[in-house]
Amino acid sequence: MPRFNFWTVVMILTWVLLFVLLFIPVGSVLVSSFYDQSGNLTFGNYLKFLSEPRFHQAFVNTLVVGFGGLAGALLLGSIMAFCVSRFVIRGGKFVSLLAILALVSPPFIGAYSWIVLFGAGGVVRGFLRDLGISMPPIYGVGGILIVFSLKFYPYVYLMVSGALSNVNRSLEEAAEGLGLTPWQRTFKISFPMVFPALTAGGLLALIHAIADFGTPRLLGRGYNVLATEAFTLYSAEIGSNLSMATTISVVLILVSMVFVLLQRYMSRRNVYHGNMINKPVRMQLSGWRNVLAHVAVYFIGLCGAMPVIISVIYSFRKTSGPVFQDGFALQSYERILFNLGDVVRNSLTFSVAAVVLIVMVGTVVGVLVARRTNFNTALLDGAFMVPYVMPGIVIGIAFIAAFNTGPIVLTGTALIIILSIFIRRLPYTVRTTASSLRQISPSMEEAAVSLGYSPFQAFLRITVPLIVPGIIAGGMLSFVTAINELSSSLVLYVGSTMTMPVRIYLLILDGDFGTAAALSTILLLISGCAVYIAFRFMGRNEQALL
Amino acid sequence: MSYLTVNNATKQFGESFMALNGVSIAVERGEFFTLLGPSGCGKTTLLRAIAGFNDLTSGEITLAGSNLRAVPPHQRDIGMVFQDYAVFPHLSVFDNVAFGLKPRKVSAADIKARVIPALDSVRLGDMAQRLPAAMSGGQQQRIGLARAMVINPRLLLMDEPLSNLDAKLRIELREEIRDMQQQIDIATIYVTHDQEEALAISDRICVMNSGRIEQVGTPQQIYGDPQTRFVAEFVGTLNTFQPGPALDALLGQLGLSAPPDASWAVRPERLVLAAAGSPNEGAAALNGTVTKYTYLGREAHVQVETPVGSLVVQVANPGMAATRQAGEAVSVLVPRDAPMAFGADGARIGG
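Protein sequences, first through last, are from chains A and B.
All residue numbers for the first sequence refer to my numbering, where the first residue is 1 and numbers rise by one.
All residue numbers for the second sequence refer to my numbering, where the first residue is 1 and numbers rise by one.
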C-alpha cells in the first residue's frame, strides 16, 4: 500500500533528522565534555567544574538570576494578570500590546536601554544627580534581576490571565455561598485553578532567564552566569576551551531539564477542565483602588516596553559617529541602508528559509504524531521536547562540536544557522499541528471518504484547509523567534553570515547605540508585521506567542 | 439473498476484547433497520465495518451480492450521517451538500439541479450560501442528511444522528428522517441507544449486547414479545416477581408453569390497579399497599408492595381521581398472558 510506505518514509526521515540535528550535536557535546583539550578521555572537566570557584560562582549566579527572574516575573505577571482579568482597566488591549512588545523586543536591547537610562552615564541617573539624588548604576545582579523581571513577566501574565478568565465564576460564587471571605476564596479556589498556568508561565521565565546570555553579558560587569561562561570559554581568542564550554553546556541542559521535570511534576494533578457556562466578569473599581490598579498595570506595562520605546526614540536621534547630538535625523537608518543591507538581507533569508523548512517538516511530522499514534510516535513526541530545554548558546556550541569536523562540516555556512533555528523551533510547530489536528473530529474526514474521496484526497480537501490558518500563524510566530535569535547565531556566525541580532550585539559592544537602535527598530517592525499577520489568521491570541 | 448481509462478523480489539462476536444480519432493499443497544455493545463497530472505516477481524459483508470488504471505503457508495454532524465548517451549506457530487463527475448544472431540491427537502433551501458554523445542531444535521442522500447512495448509515439534539427536535427530526427514507426508498441502517427512537422509526430492530445479537424483529416483536431478559429490560421497563410461595400460588392460579430456576417478570402497563378485594375475571389479584405515586402527565406510576415484591403499575391517562396515597390498600390484577418467564441464561422460556 502506498500510504503505508509514505508514512514509513516520513517516520524514518524524521528519525534521521532528529539523529543528525539533535542526537549527534547533543552527543558531541556530551562526548566532548569527557575529553580534555589534547584529546584524552577524562572526567577532568567535571572535576574542574566542581573545584574551581569561578564555575561554582557561575552556577550559583545562574540559579540566583534564574529564581530571581522567576520571582520578579511571577510578581509582576500575576499582579498584571489579576488586575487585567478581574478589574475594568481602561485600555486593557493597549496593556496587552505592551506585554507583546516586551515579549518580541530584540534580545538584550532591553539591557542596553536600561543602561542608557540608569547606567554610569545614564540619562535618568544624570537627571536625578542634577536634582541632588544619587543612585547606584544599574550594573550587577540587581540590574539583571530588574531586566529579567520586566522582560519575562509577559510569560506569566499571558499564561495566568488566560487561566484566570477561564475560571468558572460559579466556583467562586459557590465558595462565597459557603461563607469564605474574598481572601480565602482567592487562595482556596482561584489560586489552585490557575496554579498550572502559574507554574507553566514561571517555568518559561525560569528557562529563559537561565538561558539568557545578552543581559548578564551587558549588565553583569563581572557577574558571570553559566551561559556567559560557556560563551567566554568558547570564544576566547587565546585559550579557547571548547571541551570546558561543552561541560558547562551539559550542566546547563541538566539544570533546564530538572526544572522542566519539576514543573511537570508540580502541575501533574492540577489540570482542571470545567464548563464555562458562567464566565468571570470584570469588576469596576472606584476611588483609590481604581487608581492603584491602573497605576500598577500601566507602570509594569510601560517599564516592560521601555527598551522598545527607548530604542525607537534613539534610532531617530542625530549622531556624530557613535555620539548622540541634539535633535533628530535619519542618519542611523542611512548607515543601515548603506552599510548593513547585507545583515538585514541575511536575517530575512535565514529566517524565511528556516520557517519554510519548519512549516513543511513540522506539518508533516505533526500529522504523523497526531494520526499514527504508536510507540514510535510517542517516543518522537518526547524527543521533540529536547531542543525545548536546550539554551540557544548550547545549541550553538553543540552544532560547532558536531559539524566542525567529521563527515558533515557545516561551520561557517548559512545552513548551520538555518538548521540551528530550525531544530529549536520545530517542536513547537509539530505540537501545534498535532494538537490542531486532534481537535478536528475524525468523522470530518470519514464523511468525505463516505462521499467518495480517497483518504488522501479527504485529508487534502478537508483537513488541510482547516489547519492551514493555524499553520500560517504558527509559521509567522516561528519567524519572530527566528529573526530575533541571538545566542546560537552568535556562536555560529562568520563575517558573511552575520544576522541583525548579532550585529546589534556587536554595535552595542562598539558603543554605537544609534545604529543598534535603528536596527532594533527595523527588527521590531518586521516582528510586529509577522505577529499582526499571525493574529489575523488565528484571531488575537497572545498566548500563542509563548 | 438479502440486499445487505453480514455473516458471522467478529471484531477484536487488543488481546481479548471482542467488540463483535459472531454477528449476522440481513437487511432488505428499502428497509429501515436499527441497531439498538447500550454503549459498548458493538452497534457502532458493526456500522463502521459496513462503512469501511474499521475492517472486521473475520466475517463477510455483502451488498447486492458482491463482497463489500474488498471495496475501499470511498468506493463503497454508502452515505453516512454522523453523531457530531461532521459538517465541513469551511464550506457553505451548498458546497457541503455538493461535496459528494464532485468526485462523481456530475456537471455543474446537474449539481445545482440536485443540491437545491435536496436542501429544500431538509428545509434549508434559503440558507444555501451560509456557512454552517453559526447554525444550530438540528440545521447542521439536516445538512448532514442532505449531503448523504444527494449522492443517491446504495445504502444509508446513520450513527446516533439525533443524540446531540434536544428532546423536541429529536422527535421532529426522526419523523423527517423516516419520511425521507420512505420517499427515496433506500435501505438504511440506523444506530441508536434510545429504545423509543428505535421503536418509532424502524421496520426492524436488532438489539445487541456485548458484541452479540440478542434479538432481531419488528418493533412490535421486540417490545411485545422479547426473546431474552436483556431485550425485555432494555426496551421498556420490567417488574420482576420475587420467587417464593406467593409467586407459586399466583402462577398456580393463572395456570402457568416453568422450570424451578426460571424468573418471572411483567411489564408495568400490563398490570391493572383495582380497589382492594374487587372481583376479577381471567386475572389473578394481588393484595398490596401503595408506597409511592408518581404523576407523569400522560401516565402515572404507582408503586405497590405486594407478596411477590414491589411492583410498578402504569396507569394511563391518570385523572385527578386516580391519585393514590401512600399506605392505601389496593389490588393489582395480573392478566394471564402478562407474565413472561426467562431461563437462568436469560432466554425467554414461556409466558
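Hints are computed from structural coordinates only; laboratory data are not their basis.
Certain hints may be false.
Selected chain A positions facing chain B (Cβ under 10 Å, derived; list incomplete) [stated by the list, open to error]: (1) G287; (2) P427; (3) R431; (4) S436; (5) A447; (6) L460; (7) L466.
Taking CB as the label site, the calculated pair distances span [as the list claims (entries may be wrong)]: (8) L13/A - K102/B: 46 to 56 Å; (9) R69/B - W15/A: 49 to 59 Å; (10) R90/A - S107/B: 39 to 49 Å; (11) A321/B - P182/A: 51 to 61 Å; (12) P192/A - Q183/B: 55 to 65 Å; (13) I349/B - L466/A: 53 to 63 Å.
Some chain A residues well away from chain B (every beta-carbon gap over 12 Å; in silico) [claimed, not checked]: (14) G132; (15) L145; (16) M306; (17) T319; (18) V449; (19) Y453.
Remember, predicted model here, so these are calculated numbers, not experimental data.
All C-beta atoms in this analysis are idealised placements derived from N, C-alpha and C, irrespective of residue type, glycine included.
We went through each hint and held it up to the structure:
The interface hint given for G287/A is broken, as the beta carbon of that residue sits about 42 Å from the closest beta carbon of chain B, more than 10 Å. About 28 Å separates the beta-carbon of P427/A from the nearest beta-carbon of chain B, more than 10 Å, and the hint is not met. Interface hint status for R431/A: violated, as the beta-carbon distance to the closest one in chain B is roughly 23 Å, over 10 Å. At about 13 Å, the closest approach between the beta carbon of S436/A and any beta carbon in chain B exceeds 10 Å, and the interface hint on this residue is violated.
Taking 10 Å as the C-beta cut-off, the interface hint given for A447/A holds, the closest approach to chain B being about 4 Å. Annotation: interface hint on L460/A violated; nearest CB of chain B at approximately 12 Å, more than 10 Å. Given hint, L466/A at the interface with chain B, holds; its Cβ is 6 Å from that chain's nearest Cβ, closer than 10 Å. Our hint of 46 to 56 Å for L13/A and K102/B is violated, since their Cβ atoms are close to 33 Å apart.
Checked against the hint of 49 to 59 Å, the pair R69/B and W15/A fails, with Cβ atoms roughly 34 Å apart. For R90/A paired with S107/B, a C-beta distance near 59 Å fails the hint of 39 to 49 Å. For the pair A321/B and P182/A, the supplied restraint of 51 to 61 Å holds, since their beta-carbon distance comes to about 56 Å. P192/A and Q183/B have their C-beta atoms about 57 Å apart, which keeps the hinted 55 to 65 Å range intact.
Checked against the hint of 53 to 63 Å, the C-beta distance between I349/B and L466/A comes to roughly 55 Å, which is consistent with it. For G132/A, the requirement that its beta carbon stay farther than 12 Å from each beta carbon of chain B is met, with the minimum near 65 Å. No Cβ of chain B approaches the Cβ of L145/A within 12 Å, the least distance being about 47 Å, so the stated non-interface status holds. With a least CB separation of 42 Å from chain B, M306/A remains clear of the 12 Å interface cut-off, as annotated.
Taking the minimum C-beta to C-beta distance to chain B, about 52 Å, the non-interface status of T319/A holds against the 12 Å cut. The non-interface label for V449/A is inconsistent with chain B: the shortest C-beta to C-beta separation is roughly 5 Å, within 12 Å. The beta carbon of Y453/A is not kept farther than 12 Å from every beta carbon of chain B, the shortest such distance being approximately 6 Å.
Of the numbered hints given earlier, the model fails hints 1, 2, 3, 4, 6, 8, 9, 10, 18 and 19; all others are met.
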